[in-house]
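Going line by line, the protein sequences match chains A and B. First residue of the first sequence: 1, per the numbering used here; consecutive thereafter. First residue of the second sequence: 1, per the numbering used here; consecutive thereafter.
You may find that some hints are simply not true.
Here are the computed lysine to aspartate or glutamate pairs in the DMTMM-like style, where the Cα-Cα straight-line distance is at most 25 Å [to be verified]: (1) B:Lys123 x A:Asp53; (2) B:Lys123 x A:Asp59; (3) A:Lys19 x B:Glu11; (4) B:Lys123 x A:Asp66.
Simulated from the structure, these hints should not be mistaken for laboratory data. If you're wondering where the values come from, they're calculated on a predicted model, not measured in any experiment.
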Amino acid sequence: MKMQVQLFGAFSDLVPERKLELEVAGMQVADLRRALREQLAQRWPEFRAGLLDYSAFADTERVLRDDEPLPADGMVAILPPVSGG
Amino acid sequence: MQTRMCLKVVERSEAALDPAEAIDFVSDPGFGGIDMFIGKVRDLNRGRAVMGISYDLFVPLVLNEMQRLAAEVEAEFGPSVKLYVAHAKGRLAVGEVAIVVAAGTPHRDEAFRACRQLIEAVKHRAPVWKQEHYQDGDSVWSEGCSLCHDAPAQEAAAGGHADDHAHPH
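Sequences and hints are given; from them, build the entire structure.
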């Protein structure tokens with residue numbers, strides 16, 4: 001399915017529009033993580049891709065586990081480790 | 001109960017955070033204790049001179065998380081507690097206020113503990129990121145706490161919790 005990923009923190013520097021669209025083979029968050037890892041490696045080989053391992057995905061309501069289904073509206077956010085306050 | 005909690009994000013270009021507003025909000029004739037935490041932008045981090053910090057927030061989720069975290073505090077300290085959390089968004093200069101957390105309760109012990117619990121929870125779980133701007137012109141995104149559910153192995157690894165004790169205040 002086609003997903004739009006809103007970018008935050010270090011990921012937001014990747015593209016000025018602060019979001020990526022990508023085609024995900026699968027219906028789970030883990031499938032999106034895999035697709036994003038591939039796109040990072042292809043388009044931004046110099047980006048520290050390991051950051052993805054510590055990053056969570058979320059919709060506007062809550063953080064999503066890797067074994068959960070992707071939101072039906074195709075909208076998610078990637079959340080690198082947080083540093084508020 | 002909404003009237004006992006004020007949870008918000010304030011765009012820096014529109015207003016500065018106002019600690020006096022927090023005190024007003026958590027005040028109550030039945031309360032003898034108010035505790036407040038004010039987090040400010042510090043001029044030095046890990047030996048580097050800091051000029052300012054840009055805060056990036058996923059606002060709808062921040063507000064939902066604040067709601068959950070405040071509800072957890074209310075569940076522990078009882079429904080009479082009043083709670084206030086405001087986080088700044090955008091670019092802040094050194095000395096400006098990044099976060100205000102306040103708790104009002106009948107007695108001081110709960111006020112201290114409720115405020116501490118809430119600020120720690122917000123720091124560890126709210127989707128907020130800071131980019132430090134250094135005097136030498138460089139800018140770096142801080143890395144703090146991973147929100148991954150299966151975090152133990154990740155937190156143990158380098159980078160998973162790298163900034164836990166290097167907050168800007």
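Hint check results:
1. Annotation: proposed proximity of B:Lys123 to A:Asp53 holds, straight-line Cα distance about 20 Å (limit 25 Å).
2. Between the alpha carbons of B:Lys123 and A:Asp59 the distance comes to roughly 19 Å, so the proposed pair stays at or under 25 Å and holds.
3. Proximity of A:Lys19 to B:Glu11 is assessed by CA-CA distance (about 21 Å); at most 25 Å being required, the pair is judged to hold.
4. Simply put, B:Lys123 and A:Asp66 have alpha-carbon atoms about 23 Å apart, close enough for the 25 Å limit, and the pair holds.
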